[in-house]
Amino acid sequence: MQDNSKIRVVVGMSGGVDSSVVALRLKQQGYDVVGVFMKNWDDTDENGVCTATEDYKDVAKVAAKIGIPYYSVNFEKEYWDRVFTYFLDEYKKGRTPNPDVICNKEIKFKAFLDYAIELGADYIATGHYAQLTRDEDGHAHLMRAVDQNKDQTYFLSQLSTEQLDRVMFPIGDLVKPQVREIAKEAGLATAEKKDSMGICFIGEKGHFKDFLNHYLPAKAGKMMTVDGEVKGQHAGLMYYTIGQRKGLGIGGDGIDNEPWFVIGKDLEKNVLYVGKGYHNPHLYATHLSASDIHWVNTIDRGSDFHCTAKFRYRQKDTGVTVHLSEDGQQVTVEFDDPARAITPGQAVVFYSGDECLGSAIIDAAYNRERELQLI
Amino acid sequence: MQEVHVDNNQTAQEIYLDNAATTPMAPEVLAEMTDKLANVYGNASTLYGLGRQSHTLMENSRQVIADSIHADSDEEIIFTSGGSESDNTAITQTAHTRQALGKHIITTAIEHEAVLRPLHALEEDGFRVTYLPVDEYGRISLDDFKAALDDETILVTIMMGNNEVGSRMPIHEIGEILQDHQAWFHTDAVQAYGSLDIDVDRDHIDMLSTSAHKINGPKMIGFLYKREGVNFPSLIKGGDQEEKRRAGTENVPAIAAFATAAKILTPEAKAEKRERFHGFKNQVVQGLRDKGVDFEINGSLEGENLEHVLNLWIKGISTYVMQTNLDLAGIAVSGGSACTAGSIEPSHVLTAMFGADSPRIAESIRLSFGRQTTSAEISAFVDNVAAIVARLSHSEVK
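Order-wise, the sequence lines are chains W and V. Here my numbering is used: the first residue of the first sequence is 1259, the next is one more, and so on. Here my numbering is used: the first residue of the second sequence is 19, the next is one more, and so on.
So that you can see chain W by itself, here it is in the shape it has in the complex:
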């Protein structure tokens, strides 16, 4: 076996099964493995008690079992400044942000990477489901995971090759049941632990509405159709996402049993637009505009090219044509087939086969010339 003992890999350990198996695999491969638990959100109780989180206890158990040193690092301030304020700002604009994309870009693969380098790391490793290939120049390319159900390249799409050059995704070649099996065989305490919800500040309970209301005062308003028919009250525009069906509280109208969906928001008038039917035409777009464009590898593909894209996590790819603006700051993405429920604030992520090319943040969706959602 190759001697990896001089290569220090700092593993971002969350206390979950995925990162536990990452640490185990790297240790088995002979690397100099160091586990670090990242704390990004202050859940200190009202008595000011600095509480030991269950997750950190699990990190300690797993690290002791594997035989690696473990530490924790606090990025609460960085997370607040770089992720959470962005998250709130986006909601204030009536958009639906994706904090995990920004968390990866700013915290897990920036603040954490910097910290790991301070600890003498050659690489960091995480339990993300994604793969990396290195080209002849040694540069990393971001590839989809073997487990297509779990593939997380969507959330990693704003990383740069400079960041990825120092990253390992040691379980990207496994499917989730294999990961659990490995953890079980090794007797790791996290083998049967439930998967986390993702967004770290909301926690497992997921009282999202209460949480958001704590930071952003909700302003109730009218819920109406595009024809101006008032269908009820909304609790605050930020609580609704384009394409959402649940929680509207609109009863049947006695004509048909078609359910109602959120089809748009007007921030100025504080109106939530609803429409009937999953296939409501107001939910279908022909193209979108996006900014904050980020390419993993800076390869000249010309200003217009065809590839595939996802508009939200766990969605099938759609064929698209990308038109870059002259300055490269704006992008128009034209769909091969109309796409449903394009949501401003989410990422549009581009793929070429299994390679994740990069992403941009969606600003608006259009049906031919007409802008949707702000109807």
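Don't read these hints as lab results, they were simulated from the structure. Accuracy of the hints is not assured; some may be wrong.
Stated by the list, open to error - The calculated lysine-lysine pairs, modelled on BS3-like cross-linking and capped at a C-alpha distance of 30 angstroms, are:
#: 1; chain 1: W; residue 1: Lys1534; chain 2: W; residue 2: Lys1467
#: 2; chain 1: W; residue 1: Lys1264; chain 2: V; residue 2: Lys333
#: 3; chain 1: W; residue 1: Lys1264; chain 2: W; residue 2: Lys1477
#: 4; chain 1: W; residue 1: Lys1264; chain 2: W; residue 2: Lys1368
#: 5; chain 1: W; residue 1: Lys1315; chain 2: V; residue 2: Lys237
#: 6; chain 1: W; residue 1: Lys1408; chain 2: W; residue 2: Lys1315
#: 7; chain 1: V; residue 1: Lys237; chain 2: V; residue 2: Lys262
#: 8; chain 1: W; residue 1: Lys1434; chain 2: W; residue 2: Lys1408
#: 9; chain 1: W; residue 1: Lys1534; chain 2: W; residue 2: Lys1477
#: 10; chain 1: V; residue 1: Lys237; chain 2: W; residue 2: Lys1319
#: 11; chain 1: W; residue 1: Lys1335; chain 2: V; residue 2: Lys333
#: 12; chain 1: V; residue 1: Lys121; chain 2: V; residue 2: Lys255
#: 13; chain 1: W; residue 1: Lys1368; chain 2: V; residue 2: Lys333
#: 14; chain 1: W; residue 1: Lys1504; chain 2: W; residue 2: Lys1408
#: 15; chain 1: W; residue 1: Lys1480; chain 2: W; residue 2: Lys1442
#: 16; chain 1: W; residue 1: Lys1480; chain 2: W; residue 2: Lys1452
#: 17; chain 1: W; residue 1: Lys1477; chain 2: W; residue 2: Lys1504
#: 18; chain 1: V; residue 1: Lys255; chain 2: W; residue 2: Lys1264
Keep in mind the model is a prediction, meaning the values are calculated, not measured.
Chain V: place on chain W using the hints.
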């Protein structure tokens, strides 16, 4: 399933420089403890042979302990579970016993939490506590002390030497001043006991706390000295052990081991330790200077200090990063008490010395020497710090 497997890589500390946190047991202490654990198991309060055997061993040990601080009588020694219990007992029980005489207590801003937390609790019960400020060397002023003392003062609790920066307090002078005052004088001597010659009569000390594990003894054993005439009910209610001053079956093997550890510390042995540790301090300071490390001492090399404690401000490098890097290199130092959160509680001692805005609060480490510390280990520490500083200043990671 719950098989315990700890790889040596995880725990092997090649160089242990955190002896103010705890110390390894001395071989003769370990031998005594092991022997007595195996052979002397009787309950010291019982009336049969095995009990008498334990009782005799305990009382012989009590005399050794009493002699180690020049106490008049072994009856003035109460065995406790350690420094925290001794401090809690001395403070809380005195306050409640003497509150008819006044409700004012004087202490310093840089006491151990085992002193500060009971005082905070007493403040909630209506007691008034004066926290004497310290200068940048961690020292209090006797003028401040005299000014704070009033007719209501019933207790003065001031540490003999500080655990984080090693500064010593003017115990003798305070004891003299309190000669003509009603206040009882308690001192937390947990850090000082292993290296200073303590004489409770010379310094007019009424109560004194120690802990065995700081002097190469076992953990969870310590004592509280209380002068004859200083009386209070037991903090822990229960049996009549320790002359009704501390309930609970005495841990006789640990008490015997504690006495063994105390016996090793003759005045000559303590003097030798002080000199050797002072040499280590100079070696660290000179070594870091020679290697161009930008640092300052929190405290002072001059004047009266605990010689086993050295607190360093390594400029520009966070406590946590330095401590973690040293740990990865097999060197154990202290970086303050850590939350599980990965943040370190800001040191109240450094805050009292330099203010909350000082960069020293987040960029300091404490090293503390022990009987096993060698000059070669100090050199290795210096080399590693210099290498870490060089690496971090070269890696432009931001």
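Practice problem: List, from low to high, the hint numbers that the structure doesn't satisfy. | Solution: Numbers 3, 15, 16, 18 - these are the hints that the structure violates, sorted from lowest upward.
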